[in-house]
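A.B. asks: Those protein sequences? They're chains A and B, same order as listed.
Last residue of the first sequence: 172 in this note's numbering, with the numbers rising by one and none dropped.
Last residue of the second sequence: 409 in this note's numbering, with the numbers rising by one and none dropped.
What the hints contain is simulated information worked out from the structure, not anything from laboratory work.
The structure displayed is predicted, hence computed values, not measured ones.
Careful: at least some of the hints might be erroneous.
[Unchecked claim] List of simulated lysine-lysine pairs, BS3-like, C-alpha gap at most 30 angstroms:
no. : chain 1 : residue 1 : chain 2 : residue 2
1   : A       : Lys148    : B       : Lys62
2   : A       : Lys91     : B       : Lys97
3   : A       : Lys36     : B       : Lys339
4   : B       : Lys329    : A       : Lys148
5   : A       : Lys148    : A       : Lys36
6   : B       : Lys97     : A       : Lys133
7   : A       : Lys69     : B       : Lys339
8   : B       : Lys102    : B       : Lys329
9   : B       : Lys102    : A       : Lys11
10  : A       : Lys98     : B       : Lys339
11  : A       : Lys133    : B       : Lys386
12  : A       : Lys69     : B       : Lys329
13  : A       : Lys53     : B       : Lys97
14  : B       : Lys386    : A       : Lys36
15  : B       : Lys97     : A       : Lys9
16  : B       : Lys339    : A       : Lys91
17  : A       : Lys148    : B       : Lys97
18  : A       : Lys91     : B       : Lys62
19  : B       : Lys386    : A       : Lys148
[Said to hold, decoys possible] Simulated coverage check for chain B against chain A, where a stretch passes if three residues somewhere in it have a Cβ under 8 angstroms from a Cβ of chain A:
no. : region
20  : 29 to 39
21  : 258 to 266
22  : 376 to 390
Each residue gets a CB set at the ideal place from its N, CA and C atoms; glycine is no exception.
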Amino acid sequence: MTLTNEIVKQKLIEKFGDQLTNWEEPYNFLTFTAPKDLNIKILQFLYDDETLKFRFLTDLTAVHYPDRKGEEIAVVYHLHNLEDNIRLRFKVYTDEEKTEVFTATALYETANWLERETYDFFGVHFIGHPNLKRIMNVEEMDYFPLRKQYPLEDQTREDKDDEMFGRGGSIF
Amino acid sequence: MSDHLQHISLPKGSLETQTTTLNLGPTHPATHGVFQNIIELDGERIVSAEQTVGYIHRAFEKIAERRPLYQITVLTDRLNYCSAPLNNMGWHMTCEKLLGIKTPKRVDYLRVIIMELSRITDHLICNSIVGVDSGAFTGFLYVMQYRELVYEIYEEICGARLTTNMGRIGGFERNFNDIVWQKLDKFLVEFPKAWKEFEDLFMRNRIFMDRLIGTGAISAERALNYGFTGPNLRAAGVDYDVRVHTPYSSYEDFEFTIPVGTTGDNYDRFLVRGQEVWQSISIIKQAYEKVKQFKGAEAEVYHADAPEYYLPEKELVYTTIESLIWHFKIVMGESDIPKGEVYHSVEGANGELGFYLISDGGRTPYRLHFRRPSFIYYQAFSELIKNNMLSDAIMTMSSLNLIAGELDA
Numbered sequence: 001m002t003l004t005n006e007i008v009k010q011k012l013i014e015k016f017g018d019q020l021t022n023w024e025e026p027y028n029f030l031t032f033t034a035p036k037d038l039n040i041k042i043l044q045f046l047y048d049d050e051t052l053k054f055r056f057l058t059d060l061t062a063v064h065y066p067d068r069k070g071e072e073i074a075v076v077y078h079l080h081n082l083e084d085n086i087r088l089r090f091k092v093y094t095d096e097e098k099t100e101v102f103t104a105t106a107l108y109e110t111a112n113w114l115e116r117e118t119y120d121f122f123g124v125h126f127i128g129h130p131n132l133k134r135i136m137n138v139e140e141m142d143y144f145p146l147r148k149q150y151p152l153e154d155q156t157r158e159d160k161d162d163e164m165f166g167r168g169g170s171i172f
Numbered sequence: 001m002s003d004h005l006q007h008i009s010l011p012k013g014s015l016e017t018q019t020t021t022l023n024l025g026p027t028h029p030a031t032h033g034v035f036q037n038i039i040e041l042d043g044e045r046i047v048s049a050e051q052t053v054g055y056i057h058r059a060f061e062k063i064a065e066r067r068p069l070y071q072i073t074v075l076t077d078r079l080n081y082c083s084a085p086l087n088n089m090g091w092h093m094t095c096e097k098l099l100g101i102k103t104p105k106r107v108d109y110l111r112v113i114i115m116e117l118s119r120i121t122d123h124l125i126c127n128s129i130v131g132v133d134s135g136a137f138t139g140f141l142y143v144m145q146y147r148e149l150v151y152e153i154y155e156e157i158c159g160a161r162l163t164t165n166m167g168r169i170g171g172f173e174r175n176f177n178d179i180v181w182q183k184l185d186k187f188l189v190e191f192p193k194a195w196k197e198f199e200d201l202f203m204r205n206r207i208f209m210d211r212l213i214g215t216g217a218i219s220a221e222r223a224l225n226y227g228f229t230g231p232n233l234r235a236a237g238v239d240y241d242v243r244v245h246t247p248y249s250s251y252e253d254f255e256f257t258i259p260v261g262t263t264g265d266n267y268d269r270f271l272v273r274g275q276e277v278w279q280s281i282s283i284i285k286q287a288y289e290k291v292k293q294f295k296g297a298e299a300e301v302y303h304a305d306a307p308e309y310y311l312p313e314k315e316l317v318y319t320t321i322e323s324l325i326w327h328f329k330i331v332m333g334e335s336d337i338p339k340g341e342v343y344h345s346v347e348g349a350n351g352e353l354g355f356y357l358i359s360d361g362g363r364t365p366y367r368l369h370f371r372r373p374s375f376i377y378y379q380a381f382s383e384l385i386k387n388n389m390l391s392d393a394i395m396t397m398s399s400l401n402l403i404a405g406e407l408d409a
């Protein structure tokens with residue numbers, strides 16, 4: 001029996017019930033949303049289950065949605081079952097003021113630097129991370145540059161008043 | 001103090017009983033890139049190491065949030081710059097997935113030729129640098145002329161050599177000309193001989209083997225746990241290859257094998273890359289044959305029919321109003337982009353190169369994240385070099401094929 005998105009979804013619903021929401025399959029990539037305190041339980045279940053065997057963390061990153069009040073930051077996990085070759089993505093949302101999310105480093109060494117990167121750019125605090133400090137930016141930096149409130153170009157400059165090319169900040 | 005020194009009796013408090021801290025990098029000539037390692041040494045043996053990265057971080061993900069899709073291609077050039085066309089193609093395919101563009105078979109095959117050529121250039125750099133770091137400069141200089149030949153092919157196709165910005169969303173900017181095919185013929189005749197010679201020089205060389213076997217080893221379990229992909233994972237014995245697992249660009253039409261190693265050490269990584277070059281040569285030959293099969297109008301196809309995203313020919317822009325409108329809309333980034341969330345990955349020279357793109361329907365991506373294989377597997381470096389000699393650490397670094405541009409994004 002080959003593992004399909006349907007079976008993965010059923011298994012997860014059996015285990016976690018309606019706590020998992022927003023089931024989608026964009027471009028055949030199974031996606032769902034979970035409460036943030038469940039993230040490690042889900043990763044562990046997906047890892048341990050003998051049918052699911054999601055034992056490879058492909059990617060971990062975050063997205064900032066400033067308009068979603070109380071759940072501005074989405075932490076996104078991409079997992080891969082290499083044996084059955086099936087992928088899965090899930091997101092946990094967190095408040096941009098209180099960004100504590102449990103770390104996945106106990107399960108995956110991969111998560112170490114990916115979580116540091118996510119902390120560096122989005123300010124997500126991974127509870128239990130062995131070495132949570134900035135990785136790309138200088139340690140003295142006091143903001144999280146990939147959040148949407150920080151524009152790409154310095155808004156106080158006057159020599160680049162060219163809104164047609166997306167520099168004035170009005171287009172995006 | 002570790003066991004191997006215990007037979008020497010040293011006076012209490014003497015310098016030799018203490019460990020030494022060595023700062024290797026960030027601009028050390030032996031590290032081929034901007035890497036800093038703070039290494040604690042006991043004699044010549046490494047006790048612990050800590051890597052610092054980010055010296056050439058260029059905020060690509062932030063920049064990408066303000067650029068239309070076609071302007072992001074130049075950012076991907078600067079990830080793994082040893083195989084820039086591979087990154088370009090990966091990005092174009094990600095966009096095509098989002099935009100729902102289906103590319104013609106001929107475009108797929110042309111892309112396969114380019115992608116495998118860049119895999120060869122990447123692997124030949126990596127393997128010959130392993131040679132340089134172990135004291136054999138000749139091999140490096142010898143195969144470099146074939147990289148030059150590949151770069152000449154790139155020049156004919158897109159005009160650039162290193163940071164190629166090759167291709168467009170939907171295909172290529174122009175058809176391959178006769179010089180491309182002549183140079184490719186020349187490459188396919190001459191390069192295999194040179195690569196054979198190169199391997200003869202190293203593969204069973206006693207000194208080379210002694211330097212590489214058993215150093216920088218990692219088990220398959222640890223490699224998977226560290227998120228290794230590509231040749232470094234396959235050297236540990238896991239046959240994961242994106243080209244086979246999730247075929248893109250018609251890779252399912254080709255026959256090739258995935259070379260795997262057993263021990264995951266520096267020597268296996270060298271061998272796996274060497275074998276992959278042979279596989280790439282075979283894939284290029286197959287693709288070349290397939291391209292020759294196209295007849296008539298099909299033999300001239302080099303892009304998909306996607307006027308909203310593919311720039312019209314310059315002559316038409318000057319003579320017809322529709323083309324002028326499309327041209328303007330594309331250049332200004334005013335084409336409509338659907339909302340969506342895409343993850344697409346290609347088998348880069350270093351492993352799974354992933355693009356996670358979220359579009360909210362605006363002119364630019366809402367969020368773009370690059371899964372950079374070097375960044376992910378460089379984490380394991382301190383574990384790989386622990387208890388090795390300092391000189392082995394240098395070999396490990398070059399056999400992992402760390403590319404600072406990809407690592408730091």
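A.B. asks: Starting from the hint list further up, note which numbers the structure goes against and sort them upward.
C.D. replies: As far as the earlier hints go, 6, 9, 12, 14, 19, 20 and 21 are violated by this structure, in ascending order.
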